[in-house]
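Using the sequences plus the hints, can you model the full thing?
Number of protein chains: 2
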Amino acid sequence: MVNTEKDLEQQFTSINTSIQRVNIPPPQPFFKTFKSSLKETFFPDDPFRQFKNQSSSKKFVLGLQYFLPILEWAPRYTFQFFKADLIAGITIASLAIPQGISYAKLANLPPILGLYSSFVPPLVYAMMGSSRDLAVGTVAVASLLTASMLGKEVNASKNPTLYLQLAFTATFFAGVFQAALGFLRLGFIVDFLSHATIVGFMAGAATVVCLQQLKGILGLQHFTHDTDLVSVMRSVFGQTHQWRWESAVLGCCFLFLLILTRHISIKRPKLFWISAMAPLTSVILGSLLVYLTHADMHGVQVIGELKKGLNPPSYSDLAFGSPHLMTAIKTGIITGVIALAEGIAVGRSFAMFKNYNIDGNKEMIAFGMMNIAGSCTSCYLTTGPFSRSAVNYNAGCKTAVSNILMATAVMITLLFLTPLFYYTPLVVLSSIIISAMLGLIDYGAAFHLWNLDKFDFVVCMSAYFGVVFGSVEIGLVLAVSVSMLRVLLFVTRPKTSVLGKIPNSMTYRSVDQYSVASRVPGVLILHVDAPIYFTNASYLRERISRWIDEEVDNLKSSGETTLQYVILDMGAVGNIDTSGISMLEEVKKHTDRHALKLVLANPGSEVMMKLHKSKLVEGIGPEWIYLKVGEAVEACNFMLHSYKSASGPTKTKSETQDNNV
Amino acid sequence: MVNTEKDLEQQFTSINTSIQRVNIPPPQPFFKTFKSSLKETFFPDDPFRQFKNQSSSKKFVLGLQYFLPILEWAPRYTFQFFKADLIAGITIASLAIPQGISYAKLANLPPILGLYSSFVPPLVYAMMGSSRDLAVGTVAVASLLTASMLGKEVNASKNPTLYLQLAFTATFFAGVFQAALGFLRLGFIVDFLSHATIVGFMAGAATVVCLQQLKGILGLQHFTHDTDLVSVMRSVFGQTHQWRWESAVLGCCFLFLLILTRHISIKRPKLFWISAMAPLTSVILGSLLVYLTHADMHGVQVIGELKKGLNPPSYSDLAFGSPHLMTAIKTGIITGVIALAEGIAVGRSFAMFKNYNIDGNKEMIAFGMMNIAGSCTSCYLTTGPFSRSAVNYNAGCKTAVSNILMATAVMITLLFLTPLFYYTPLVVLSSIIISAMLGLIDYGAAFHLWNLDKFDFVVCMSAYFGVVFGSVEIGLVLAVSVSMLRVLLFVTRPKTSVLGKIPNSMTYRSVDQYSVASRVPGVLILHVDAPIYFTNASYLRERISRWIDEEVDNLKSSGETTLQYVILDMGAVGNIDTSGISMLEEVKKHTDRHALKLVLANPGSEVMMKLHKSKLVEGIGPEWIYLKVGEAVEACNFMLHSYKSASGPTKTKSETQDNNV
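Chains as they are written, first to last, in full-length UniProt numbering: chain A, 1 to 661; chain B, 1 to 661.
It is possible that part of the hints are untrue.
Identical copies carry no separate label here, and so any pair may be met within one copy or between two of them.
[What the hints assert, rightly or not] Computed cross-link-like contacts, SDA-like style, restricted to lysine to any residue with a CA-CA straight-line distance of at most 20 Å: (1) K52 with S558; (2) K454 with F34; (3) K362 with A373.
Please keep in mind that the hints were generated in silico from the structure rather than gathered at the bench.
Laid out in structure tokens, this is it:
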């Protein structure tokens, strides 16, 4: 069958017009696209949807309910709920009191601050928070971080007043920062702490916190202010003659008791109250033991006097004029972000179990307000700790009322029961901290990361070792940089793969993934797996040139059909910038030089718009841009075979060259 | 036609087995994948390919040729080439001498250093460089940067020896850094300076350099050391009584002459030599004028004495023990990167014109070696300036021999002609610098960026205004951060779009891009446009939930078929991390809660492997993962219609729910 060239061209045109072509989207006004991309960036959850088509009074009520969710659920509150919340509230209070005192010691703050911090912030959160399961309180990691960051500037034992002022100031700025993130809809910054980072960071922080407890367990008077493993080990083994066996024995006994009860509760979730009550029981037992044996005279340190009474106001202690203000701000921002990350992750997890939604930005505002209020009422940084929230959840809490009831229990303690803690040995507090921390070291999660994604495992380990051998900040910065590097690396070295035809279909897929896929003779189909940006433009140019050169060489040595068409599958190219456009222009030149025809398949709207604006569509020829790889291959095959039969292979080549000019 | 349920299930299974399923790639040994991804990251150009299957002596020769490309092309050098190179060499020498002196003044260094720097480095580059068109020399931006960064630490006029030592030391470290980047195959770091950044940065630097020339043009003795617009304007208009009209008139005349010749050469590229010769002509004319009119006595500053003789050695001046070492290292690294970016971009552009390849990493080694050698022979930082290389190219150079001939011409000047520059007025040098700088302000490119890509325009403008109103470093850091932000933003807020069916095909495309695409009743098809990483996992979870909720609401209000299937098109999801996997698990829970079936289409090999390892394949059901969106829709339609006809819509819903358990 011999056709004239004109016939062939007509046939080609008719094939091309019978199929759907790639659309060039109509140009959008700049401000419209700008507005919609701003909306997607800052309001992806569309919080204004419920306000649409409402009367203005209804809008006001909805707005009030947005900021104070208690107004939404309080009218529906029932006595059934109250019974459940009461049990949960008392249970978490019995955990909150010893933990509060312990963590305040960890932050080098007066122990009473731990109780204060379990009174005001839970009340604020109960009104503003949207989680039903979160139990508010102080956390070990933020406490340690406060101690280590402020401790660098001010010695807590030598200058306790200034240290206390800086702690309140840091809490204030943490609150301001958290609320600002929420108001400015920048909540996604917290997402930059990936799951892997948090697993490694938490485990590292838990290790560091446990190491710090060696001071209490061994009854040491002097201890290093550094948190890294090397300093702590040097400090511990540098003063072996100071170790107190009484303290160590007591500590190990209580630690054993606490770990045992934790194991029982893990095996039988219904017995959650055993592990929830264990810390308070230990405190009572320990205090009784010291009181009866007068162990405080024999090297067992005790808490001593705790002031009776509710939180004194502390807004006059906020040290805005202090020369250490910058340290307080830095401490506030870092601890604030860490606290947010933990609190929001915890809130989300339990919301997922119970099938309701948590609004991240709203939660941030609630956390922020709770810390601002806390900083004015002698509290330090609070968030939603995992352990306490889990106990709350297991105890069957229904709403944030459990937080109010916990606060009430703490209030009663503050008003009447503080003298009872006089003989509580510090070593019991250390045991409580250690047993809580062991739960944060999640071997299982690290193993899961190793199995699933090696890079995430590296992120996790860099966070862990950074915290343990460097400091909490070093670990955090390291892990965030490594995870950012991964994202940048993905965009810097995108995958390119050769596609082949899946038998009995018009589908083309990577020959690496599908061994059944067969390559089309004379046509090289390349798939690019990422947006084409300045970071990868030169890599892609070199890589595509290498694919082409290798293919040309291979075909030459095997003596098969020569390569004539290069199809770029742009289906996964989400966007392109000006460097990417130049890259495509250079690829076009490269193919022209080899007398090859460049064909594009399936460019998205963003990419197509830029190709059109840069006149590259004309350069390639609009008839050579196809919606599907299959259609592009069909057109190439048509040209290959028809021209060959019409005028022989030599003619084909010169014809292709002419087309390229 | 009523079927039993068993029949239907059999039919569904037979449909499923007749098509190609998504492959789970066989697990690869960890070190193999690690090795191949290392290779793609650091050796994308596969430099070892030519060494394959060669004898060891041949390998040695090839290795030597790799590092000294002159060994490769010198044997093929002909007299024809020499004639062309001679013309080009003399032309660029006539440009190099006045520019060298001018830029050395800009760097606050003795003018003779500009000539030294045009002698040794070109010789080194001629042996090691792979570009045939690059003309080596000093550049204005790096000179200015050296002056501003070192000037902050050491005053060049008060302590010239120390300043000179630091300049050599900075050059040494720039060379070490450049060579290290090349050896460690980290050349891609230069790619992080995108085209848009460079356009803005160059224009900003050119503006700043022009502003600095006001000192020379107005004949001012004292001038600010800052480079920002505000400081310079204050300095210029703060001493209006010091302005010298003689100097200004002379400067404007020469500037007019130079700009005129540039315009002629742009209009008629064949007359390139007019603009190439203009600077030297201006120097000669200016010197004669001063000599004859004794203008040096009337406020026109002249160069003064230049020492005769070749480069003195300066390795003993490298100040490794200086307290300012860190400044020198910082200056070296920043100027080194800027110089590399310019040199490599220039080399690549001309290689593209002449159809040969430039190896970026090899070029970096050449640049590095040239600067290390330069720092030991009284040269400061050199690279491949655009203007001089363009003249070289236009003059018809064939190989790097033109650099050797330029160096020879400079050598002759150094040996015999330096006294001739005694009367050269500084104002002529300022005019030469200004006219060269005006060519670097590329309005056209900025306009092109605005048209093509608004974000790139923002990057360009932030570089420009950062340099002009802040400093060179501020502009650079600003532009790089903004362009990084863009990459991160792409991965943080990926596009999701709804797909519809293109008429008369099995193809599904975005309904936004293709208005002909029609949505399938009862099925929501979502396309995700980026890898699913921790940065976008929570956004995607919220966005997908919102798509589903909106679709459910819409269908409810319109009373059409209820939504029953959600198909996620994973074709553009290049990779997924553990946060992404958790996100998919949560989407699965969300769809289960709405009694919807989640279906995946076209996951890539990386994604499929992780879905398999995380057991999510079992969670979704392997029969609900399809190779193509079309096949997934077919299966959904089959289930929708067959079950409906078999057992009515009510049954369908409960059936779907059962499936989901």
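Exercise. Can you give me the call for K454 and F34, within, between, both or neither, at a CA distance of at most 20 Å?
Key: between (38 Å within a copy, 10 Å between copies)
Self-check item: Same-copy or cross-copy closeness of K362 to A373 [CA-CA at most 20 Å]
Solution: Within one copy only: 17 Å inside a chain, 61 Å across chains, cut-off 20 Å.
Quiz item: Is the C-alpha distance from K52 to S558 at most 20 Å within one copy, between copies, in both cases, or in neither?
Solution: For K52 and S558, the Cα distance is within 20 Å only across copies (18 Å; inside one copy 67 Å).
In summary, the structure agrees with every hint in the numbered list given earlier.
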